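So the chains spell out like this:
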Amino acid sequence: MNAEAPKPVNSKLNSAVPSGPMAQKWDKHKFEMKLVNPANKRKFEVIVVGSGLAGAAAAATLGEQGYNVKCFCFQDSPRRAHSIAAQGGINAAKNYKNDGDSVHRLFYDTIKGGDFRAREANVHRLAQVSVNIIDQCVAQGVPFAREYGGLLDTRSFGGSQLQRTFYARGQTGQQLLLGAYQSLSRQIGLGNVKMFPRTEMLDVVVANGKARGIIVRDLVSGEISAHTAHVVVLATGGYGNVFFLSTNAKGCNVTATWRAYKKGAFFANPCYTQIHPTCIPVSGDHQSKLTLMSESLRNDGRVWVPKNAADCGKAPASIPEADRDYVLERKYPSFGNLAPRDVSSRAAKEVCDEGRGVGPIVDGKRLGVYLDFADAIKRLGENKIRERYANLFDMYERITGENAYQQPMRIYPAVHYTMGGTWVDYNLMSTLPGLFVAGEANFSDHGANRLGASALMQGLADGYFILPYTLGNYLASNYAAANPEKLSADSAPFRDALSAVKEQTNRLLKINGKRSVLSFHRQLGKMVWDKCGMARTEKGLKELLREIPTLREEFWQNVKVTGTGEEFNQDLEYAGRVADFFEFAELLATDALHRDESCGGHFRVEHQDDEGEAKRNDDDFCYAAAWEYAGDGKAPILNKEPLEFEEVHLAKRSYK
Amino acid sequence: MNLTLTVWRQKNASDPGRFENYAAKDIIPDMSFLEMLDVVNDRLVAEGREPIAFDSDCREGICGACSCVINGVPHGGHRGTTACQLHMRHFKDGDTIVIEPWRAKAFPVIRDLVTDRSAFDRVIQAGGFVSVNTGGTPDANCLPVPKENADLAMDAAQCIGCGACVAACKNASAMLFVSAKIGHLGLLPQGAVEQERRVINMVAQMDAEGFGNCTVTGSCEAVCPKEISLNFISRMNRDYAVALLKGRQPDRK
Numbered sequence: 001m002n003a004e005a006p007k008p009v010n011s012k013l014n015s016a017v018p019s020g021p022m023a024q025k026w027d028k029h030k031f032e033m034k035l036v037n038p039a040n041k042r043k044f045e046v047i048v049v050g051s052g053l054a055g056a057a058a059a060a061t062l063g064e065q066g067y068n069v070k071c072f073c074f075q076d077s078p079r080r081a082h083s084i085a086a087q088g089g090i091n092a093a094k095n096y097k098n099d100g101d102s103v104h105r106l107f108y109d110t111i112k113g114g115d116f117r118a119r120e121a122n123v124h125r126l127a128q129v130s131v132n133i134i135d136q137c138v139a140q141g142v143p144f145a146r147e148y149g150g151l152l153d154t155r156s157f158g159g160s161q162l163q164r165t166f167y168a169r170g171q172t173g174q175q176l177l178l179g180a181y182q183s184l185s186r187q188i189g190l191g192n193v194k195m196f197p198r199t200e201m202l203d204v205v206v207a208n209g210k211a212r213g214i215i216v217r218d219l220v221s222g223e224i225s226a227h228t229a230h231v232v233v234l235a236t237g238g239y240g241n242v243f244f245l246s247t248n249a250k251g252c253n254v255t256a257t258w259r260a261y262k263k264g265a266f267f268a269n270p271c272y273t274q275i276h277p278t279c280i281p282v283s284g285d286h287q288s289k290l291t292l293m294s295e296s297l298r299n300d301g302r303v304w305v306p307k308n309a310a311d312c313g314k315a316p317a318s319i320p321e322a323d324r325d326y327v328l329e330r331k332y333p334s335f336g337n338l339a340p341r342d343v344s345s346r347a348a349k350e351v352c353d354e355g356r357g358v359g360p361i362v363d364g365k366r367l368g369v370y371l372d373f374a375d376a377i378k379r380l381g382e383n384k385i386r387e388r389y390a391n392l393f394d395m396y397e398r399i400t401g402e403n404a405y406q407q408p409m410r411i412y413p414a415v416h417y418t419m420g421g422t423w424v425d426y427n428l429m430s431t432l433p434g435l436f437v438a439g440e441a442n443f444s445d446h447g448a449n450r451l452g453a454s455a456l457m458q459g460l461a462d463g464y465f466i467l468p469y470t471l472g473n474y475l476a477s478n479y480a481a482a483n484p485e486k487l488s489a490d491s492a493p494f495r496d497a498l499s500a501v502k503e504q505t506n507r508l509l510k511i512n513g514k515r516s517v518l519s520f521h522r523q524l525g526k527m528v529w530d531k532c533g534m535a536r537t538e539k540g541l542k543e544l545l546r547e548i549p550t551l552r553e554e555f556w557q558n559v560k561v562t563g564t565g566e567e568f569n570q571d572l573e574y575a576g577r578v579a580d581f582f583e584f585a586e587l588l589a590t591d592a593l594h595r596d597e598s599c600g601g602h603f604r605v606e607h608q609d610d611e612g613e614a615k616r617n618d619d620d621f622c623y624a625a626a627w628e629y630a631g632d633g634k635a636p637i638l639n640k641e642p643l644e645f646e647e648v649h650l651a652k653r654s655y656k
Numbered sequence: 001m002n003l004t005l006t007v008w009r010q011k012n013a014s015d016p017g018r019f020e021n022y023a024a025k026d027i028i029p030d031m032s033f034l035e036m037l038d039v040v041n042d043r044l045v046a047e048g049r050e051p052i053a054f055d056s057d058c059r060e061g062i063c064g065a066c067s068c069v070i071n072g073v074p075h076g077g078h079r080g081t082t083a084c085q086l087h088m089r090h091f092k093d094g095d096t097i098v099i100e101p102w103r104a105k106a107f108p109v110i111r112d113l114v115t116d117r118s119a120f121d122r123v124i125q126a127g128g129f130v131s132v133n134t135g136g137t138p139d140a141n142c143l144p145v146p147k148e149n150a151d152l153a154m155d156a157a158q159c160i161g162c163g164a165c166v167a168a169c170k171n172a173s174a175m176l177f178v179s180a181k182i183g184h185l186g187l188l189p190q191g192a193v194e195q196e197r198r199v200i201n202m203v204a205q206m207d208a209e210g211f212g213n214c215t216v217t218g219s220c221e222a223v224c225p226k227e228i229s230l231n232f233i234s235r236m237n238r239d240y241a242v243a244l245l246k247g248r249q250p251d252r253k
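These protein sequence lines are chains Z and H, in that order. Note that the working numbering has the first sequence beginning at 1, numbered continuously upward. Note that the working numbering has the second sequence beginning at 1, numbered continuously upward.
Fair warning: there could be bad hints in the mix.
Unchecked claim - Each computed BS3-like pair below joins lysine-lysine, with the alpha-carbon atoms no more than 25 Å apart:
{"#": "1", "chain 1": "Z", "residue 1": "Lys510", "chain 2": "Z", "residue 2": "Lys560"}
{"#": "2", "chain 1": "Z", "residue 1": "Lys514", "chain 2": "H", "residue 2": "Lys25"}
{"#": "3", "chain 1": "Z", "residue 1": "Lys384", "chain 2": "H", "residue 2": "Lys147"}
{"#": "4", "chain 1": "H", "residue 1": "Lys25", "chain 2": "Z", "residue 2": "Lys97"}
{"#": "5", "chain 1": "Z", "residue 1": "Lys250", "chain 2": "H", "residue 2": "Lys25"}
Hints are computed from structural coordinates only; laboratory data are not their basis. Source: prediction; values computed, not measured.
Chain Z with its partners taken away, still in its complex shape (with noise of 0.2 Å):
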């Protein structure tokens, strides 16, 4: 790339990175940012929204510095956020192996990673803080493996030939999760956070220009009510959920993030998305979500497919080794089974494309390759891999009636993570003043592509060592401390907020119509999959364009919404939640048929190699595409804030 071509500059995206060494920035900041007196800090009203590994971890950290703190999520427990769901590790450069492992390894691993399209400063940040993370879970009593010296054991995973990933059995999120809502309840019980399950934020309140507070639904009443905040944190996850079939819980949604971006906090590359490599495959119409099996799985099993497409359907074991093709090790001998998430799924999907997937044919295709355990078995013995994976092996059998110790586990990808969110500067503040968001709610640390273990180094990154000070930096910046200005919740900007959602709500359950909600959400996603899912086109994502208002107009015309506002309606719920994935998948093809290269998790079929290897375009997209909302029914405006690579050098990814 030429380092002369002049870059693109936004005046509204200032990305706030500290002037200096990349190595000292976040000291250097740290010491800059002002303080709040801690007789000062109860004065204030910080709401968080979502109690993820971010969410809880801010609540929990905030509360603890003396904040007066209100926590929101939709599930009926904190404990439940989606969170718990993750399964292999945790990604820290503690370099306990011994095996060459440092910070700015973690960093420089985790931008090429993201394919180049990260901003150097957060991500150095993030592997940073990565050490203290682990050390802050030891002490809450988080149950990490252990060797038998009594120290931490770690493995790898994909993207890294480090043994850098600490984790709890299969388990890593939950008992992430758990230690910071054990943390956070330690909080709620001391009465420094006050804690709303069951209610769903609606709306974002903006007065003077700055995020003041959120609208609110109380899902098991139906009220809508309005909370006043002199800051605004929205923890809220991603947007797996616009596919439909994701491994994002039910009830993961885009709903926070979405209508922030209608009052002013930008979206950036939605387009980023994440296909998992290893998922149990689709077995039929009725299927409501797919399930994950931990890329930790990598480490022992081996994926194949048969060399001859006429051995697809036989049983595994009567495949003789001469005729199975180890797509992995033979596309990318380095790091074989370990490659990264997105390289590793598009291998799988050639290999189906070819027509030598394994599994049940449904809709005409097999659509599936093995990940054999067999070697490792044999190597190690099936208790070692028992030990290892065993929770994951029994949920296989349950969802597939199939033992994976003595057959191949059968995978396929699936959508799993979102690396595009929120615009969010150094600080984690969105274009709207006030508003701060964090974990896979924002757009920040992982580029194009996120590697394996580092989604709950991000939340909790986030939660627990960046927001309490940068929130602190903003409150003591913008308020008079001793006396900070506060709003009531009846004045005019809470007023219109309140009437807005209620109307949205009466309008949905006004609708009467045919069609159930579920039936538009199915649809939708199966479009979007189809055109903007693992590989993309000019012509699909064009008529995607064109798809999605036609559909989401009759949606608005014949959902039928049964039950009224005034009571717990999960239809009501859901049916709100899928309007706002009807305008977000417009957002997503957008930003998805404007990037005309591939990176990452983007792959736009017309840029790849003579391999199939996504190609980058340096030149003319190496930048983060900030969306900014321009008014119903108008196309968003484009802002570019370029990334600039200081420490490590534009290059290719290469996993061979």
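Please build the complex by placing chain H on the supplied structure of chain Z, with the hints as guidance.
Then chain H, alone, in the frame of chain Z:
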């Protein structure tokens, strides 16, 4: 396959509730139990009737949201399996399936199969944590933990807080849930420091929420989707006895 569902319908906490029958036609054995309910609900909506409310989220057996009693057994009675992971291949064509919410005084019904389990959260708030703030913690490897203890702690820590143990117990006791957290934290040096205070406070809150006592029937262990062992209740009883003998009192609110 074709099934008949006998489902508990209750509009809200003050409605007395009743059973209603629904036909579940053309069910595929590969469906999960909740996918079967999705199909039934989709058809109810198409007929303009109100769908059956039930809690579910992750649908992979880890979030603990799903909570229905199936043919008299919480989660349906398959070893180590939540309702969302139960598949229809375990039922037969023509079966009648009775579906009810958790039934316990401490878990009031919100609607149909949905109950309010916030009592569990309040028990954790009373002491189910290690009292450390964020930051300033020592290096993770400065305190070795015997692998056996770490593994046993993990066995207990797996609890998903679904409440099946309470629903299965004739006394609606929460002892398995409470003891799992006490066992998990007490087995680790980080949590052992405040174990006496923890056990006294959590048990006091458990009693205040209206959960019953344990009579060691073991039905909780039998239905626990994470197969948490009854041994943790024994451990908790021992910890509780020690704390009592030392004259520990619950913290005042």
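Right, here's what the structure says about each hint:
Only pairs whose Cα atoms come within 25 Å are accepted, and Lys510/Z paired with Lys560/Z is accepted, the gap being roughly 9 Å. Of the supplied pair hints, the one linking Lys514/Z and Lys25/H holds, its CA atoms being roughly 21 Å apart against a limit of 25 Å. With a C-alpha separation of about 15 Å, the suggested pair Lys384/Z and Lys147/H falls inside the 25 Å cut-off, and the hint holds. Among the hinted pairs, Lys25/H with Lys97/Z is inconsistent with the structure: their alpha-carbon atoms are about 56 Å apart, more than 25 Å.
Between Lys250/Z and Lys25/H, the direct Cα distance comes to roughly 24 Å. Compliance with the 25 Å bound is thereby established for this hinted pair.
The structure is inconsistent with hint 4 alone, although it conforms to all the rest.
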